[in-house]
Structures are given as C-alpha cells and as structure tokens.
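Chemist: Yeah, the sequence shown ends on 663 if you go by the working numbering, and it's all consecutive.
It is worth saying that the hints were derived from the structure and are not from the lab. Among the hints, a few may not be true.
[Said to hold, decoys possible] For each label pair, taking beta carbons as the anchor points, the in silico distance ranges come out as:
(1) N509 with R58: 51 to 59 Å
(2) G548 with K569: 32 to 40 Å
(3) G445 with F527: 18 to 26 Å
(4) D192 with T317: 42 to 50 Å
(5) Q449 with R621: 24 to 32 Å
[Claimed, not checked] Mimicking DSS-like on lysine-lysine, the simulated pairs with C-alpha atoms at most 27 Å apart in a straight line are:
(6) K470 with K487
(7) K563 with K577
(8) K296 with K322
(9) K589 with K563
(10) K448 with K428
Virtual Cβ for every residue (Gly too), placed ideally from N, Cα, C.
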Amino acid sequence: MAKKKAYDNDSISSLKGADRVRKRPGVIFGSDGLEGCEHAVFEILSNAIDEARAGFGRVITVTRFQDRSIQVEDQGRGCPVDWNEKEGRYNWELVFCEMYAGGKYDPTGENYEFSLGLNGLGSCATQYASRYMDVTVCRDGNEYKLHFQRGEIVGQMEVTPLARKKTGTTIRWLPDLEVFTDIDIPLDYYQDVMKRQAVVNAGVTFRLRDEVSPGRFETQDFLYENGIRDYLAELAGDDPITRPVCWEAERQGRDRADKPEYKVKLNIAWCFSNRVHLMEHYHNSSFLEHGGSPDKATRLAFVAALDKYLRENNKYTKGESKITFPDVQECLLLVSSNFSTQTSYENQTKKAITNKFIQDAMSEFLRQQLQVFFIENHDDAERMAAQVLINKRSRETAERTRLGAKKKLSEKIDIANRVQKFVDCRTKEVDRREIYIVEGDSALGACKQSRDAEFQGLMPVRGKILNCLKADYPRIFKSDVITDLMKVLGCGVEVQGKAAKELSQFDLNNLRWSKVVICTDGDVDGFQIRTLILTMLYRLCPTLIREGYVYIAETPLFEITYKEKSADKTWFAYSEKEKADIVRQLEGKKFTVQRSKGLGENDPEMMWLTTMNPETRRLVRVLPDEAEETARVFDLLLGDNLAGRKDYIAENGHLYLDMIDVS
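Model the full assembly from the supplied sequences, consistent with the hints where possible.
Modeler: Have a look at this one:
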C-alpha cells in the first residue's frame, strides 16, 4: 500500500491571481457549467446597467458572436483606467485584475446610490475566466485599449486621442473552456435577461445583436418606457379582475439595532387576474429567482390584508378556516422592483436577498396600501374577496377528493394483498409499478426469483381462463381467476349493473400499475392463454388497451449456444427467422440449437435477461388503434361465428404452418 502524505504545515497553500477563479469558478459564478458562464455575462452587463441607472447613457448593446464570444457596450462615463494615487496602482489593474476592488465601495454613494454590482468581483472574475478579453474605454478625450489572455495582461495599455467627444466602455471576451464545461450560451438566455432588465430599468434600451452568419447580425430592442407599470399591463391583457395598480414609496431603517441605517425604494405593480398568475421580484435590477425578503413580504401582506377584509365583512362561513397564500397566489399578478443602498444577497449569483428591514418595510407598506385600496375601490375588493374564497374552497374540495381517493386506493390495496398467490412490489409510485400476468404457478416461481421486487408485481392465472366473448357477465364474475385479477388491477370494470358487485365501476385513476404485462410461454398453448387474457381485458376494461397500458412480453423460442474460446455464449431467438439469421452468422462454428423451455423451467438469470429487465426485454404494446381490429378478430376466433372462423382458417391457415408445435 502506498504511504499516505502527512497532513502537516507544508500541506497548506493558497490560490493566487487568476487561479482563484480558474480553479474554483463555482465559488464565484455558482457553477462551472453553462449556468456559471451565463452569470459571468450578467456580471459585465451589471456594470453597464449601473452606469445607465446613474444617468449616463440610455442604450446598452450586447452582441452574441458565432465564435461564442460576447460583447457588452455602454454609453457610460467610461471605466477609470489611469493611475490611482491612493492605491499606488493603475485603475485598470484594480478593476480587471484585483478581486474586491472597484467603484462600488465609496461610502458616500456619490458614484452609485443603488448599485447592482456590490463586491468588485464581476469584471475581474470574468476576465480571469476568459480565453481572452478586450477592453475599450472612451473617456477624458482618449480611447484606452487593454488585451488580456487567461487572466494576464498582454502588452501594455494603448492610448489614442479621440477626434470627437465620446464616453463609454466596450468589453468583448471569450469564456474559457478550461474554466467552464460549456460556453455555448443560447439566444433565449440573452433575450430573457435583456427583457427583464428593460422591465426594471425604465426608459433604457437594451439592444441585442445576434451574429447569424459571418458579419451579418439580427437586432432586437427591449424597452419599457414606464418600467414595471407597462410590463404588468402587458401581462394582464384586457380582462383582469382588478385594474393594474402601481405603488411607490421610500423608507429608511436598519436590519438590526447595531447595524447602519440605509435607504430602500419600493416599486410594486399588481392586479388580480383569472387568465395569468405570476410573481416576479427584482432588487437593484437583479431578478430574484428565489425571492427572499420581497417574496416573504408579499405573502404576509396579502394574506393578512385579505383575511382581515373577509373577517370584517363576514365573508367566511361559520367555522371556516382562514385563507392561505396559495389561495391568493392563484390569481395574483405582481411585479416588484426595489432598490436599496445596502443589500444582503444570499450569494454572488444574487438570486435572493435576506434583508430583514426590506421585508418588514415592504410588508407593512403593502398592508397599509391594501387597506386603503379596499376602502377606495369597493367593487374591486369584493371581486378579490370572492375570487380568493373560490380558490380556497376549490382547493379544499380537491384535497378532500384526493384524500378520499387515497383512502379508497389503500382499501383496494388491502383487498389486493389478500388475493391468493398475488405477489406485490415494494414501491407505491404508480408510474413505476408493473404487473406481470404469468401463466401458472411454475412460471410464478421462476418470475419471482428473476423479477425486480422494487417495482414488478406478479399475478398467476391457472390454466386457460374463461372465454369472455362467449360467456355472459354473471358467469364471468363467478370466475375467481377473473375477479381476483381485476381486484389486483384496481381500476374496476366497465360494466353496468350488479353483475360485478365485488368490483367497483371503472376509474382509470385507480389503476395501480403503469404497465399490465401479459407473460406466457411462446408455444401454441401460451398464445391461446395470452389471447384469452386479452379478450378478458377487452371485454371488462377496454380503456386499458385504448390508453396503451397493456403489453405482451415476448419470450424466446430458441436458445442457440456455441463455444467462444473457453466460455459458452448463448443467443436467444424469438422467431424462426431470427433463429435462421443467427445460425447463418455462426456458420462454420460448433453450436447447438434447442427449443426454449417453458417459463417455469427457465433459469432466473435467463428470465431476468429476456423477460423482466427493462434494458433487455422485449415488450410489445397493444396499440390503441388496434382496439377495433382486436375486437373483430377476437369475435371471429373466439366468438359464436363458427362459419366465419372455418372460412378464416381455410383461407389463412397456411400462413401459420411453421408455428404448429408437432414433431
């Protein structure tokens, strides 16, 4: 055994420079896959958005190139790149080569009062994670150019005087496949992000250029002049339950008594709608996919305000439980876009915020505004109250129905477990459960040893069951084999009247299995038993066939064995043609061909491989479009039409001569 390295003082090391991102991209971007690569785009876009929100530039252009590189161009003041006396370094080094450095730490907030970028990580981390990055800055009458490769500056900063006054920053970079596992960011990501940013940055145009062929671009503009107000009106359409409302407020406070005070600007648009329900929260322009504080505030405020209105106006029935947020959410269309001078994100990906003061301030503001709204808009308040109660009562009715069905199913399962020789499986997940209807007790034993007991159940049928096309219902339901099988299936029978008093009326939702598999021997007797079982299913519950729940497990007719080096190799043939094809391949080799034994005589390993294993078995679905033809053939071959059956055999019998089991 190799000697393990000692864990001592020499074991401790730190990542430096670009390796801090290149070796651990998930720490900064949340993932080393496509999602992390997408977040790097948002980091650069965030800086352009902060400039636009500060009043510098009204157009932000993002270009998606065919080589998977990305370019973000703004009309801001231009990123500072010259010498920084205070830090003793060039500003471009601080911005693009130094973690936790940038213009967002100014305690006065003069540069960015409400900033999407907070930590000074985005530009540097994205540069570190790039195959290359080209930066062009226009400011102070000059154009500055920088070129980086894999986290390192290449050459020196180029400075060129500008002929006309122009400001702004343009960054083009190619994400590095040595850092991310995938860099092929789809077009819809850009469309989604830029539309969302247009929603929460009123009056700013987000222009997307997509290179569809070399040098040819398709352009889309995203612009909402009135921000979330226009967006909500677009979502609500022409028929909301209540008219769209937009509320704004500004508050100051702190998350804890010993924490510094900060400012938050609230901007909330909402209405009630039966056509669409949606909640989206944004903070400092970032879409809060996981919500956090604003989401909690919305839930608390709407439930409290509406519950108070329902109680004070005697809308609840006696003893009725209070509403919950799902009752409100089902018809609530709400978009919030808030900004604060201090923000606590859950992590660098900015998908949720945790500020307690923002939650409290937003919740209290919404409660107060809703109470005033109910007073000033009586008809809207009545419609809201009525709709929420409809949602609540519908939910409760559905839950009672679900619990009743679950109880009923449990009772059926108890009955099924008492069926003689039925072998259940462990899982209760209906979409995984399979029932094998097998031929006789010997086949049951073999299948029991070879099945996967987690999801495969077994039900044996003894001998040739009743021909259900010839028999009437009272006689059919006197058969224990048939009634036991229908109990195991659990779905009931499609038969009217009292003939099936032990079995319920058919309900597909009560079917306990995702697949009903008929598994019989591959000989003539097996075919006949299979046909009789199919006949029974077609007579008693044809919907199972029509909806595609019924399958036939093909079992091999022949085992072909030959020696390969020191081991025997076995092939399975399911027809005469397959046997002939295999024998042709083995020409010149020594092999044996024998007819497969019945299911009950097969080894468990063979049964698993050929009949039970989902990866290697052959299942033939009884297709829905075959239902009518199946009925016609069943009636012809198993019904009372003796003359028709005789004519069919005379005309077609020669087609089945090779299937006759005679020696």
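Chemist: Confirm or reject each hint.
Modeler: A quick look at each hint next to the structure:
1. In this structure the hint that N509 and R58 lie 51 to 59 Å apart at CB holds, the actual value being about 56 Å.
2. Restraint check, G548 to K569: a C-beta distance of roughly 36 Å satisfies the suggested window 32 to 40 Å.
3. A C-beta distance of roughly 22 Å is found between G445 and F527, which places it inside the suggested range of 18 to 26 Å.
4. Distance hint check: the CB atoms of D192 and T317 are about 44 Å apart, consistent with the given range 42 to 50 Å.
5. The hinted range of 24 to 32 Å is satisfied by Q449 and R621, whose Cβ atoms lie roughly 26 Å apart.
6. As the CA atoms of K470 and K487 are separated by approximately 22 Å, the hinted pair is consistent with the 27 Å bound.
7. For the suggested pair K563 and K577, the alpha carbons sit about 22 Å apart, so the restraint of at most 27 Å is met.
8. Between K296 and K322 the CA atoms are separated by roughly 18 Å; this keeps the pair inside 27 Å, and the hint holds.
9. Note on K589 and K563: the hinted pairing holds, with a Cα-Cα distance of about 8 Å set against a maximum of 27 Å.
10. Taken as a hint, the K448 and K428 pair is honoured in the structure, with Cα atoms around 19 Å apart against an allowance of 27 Å.
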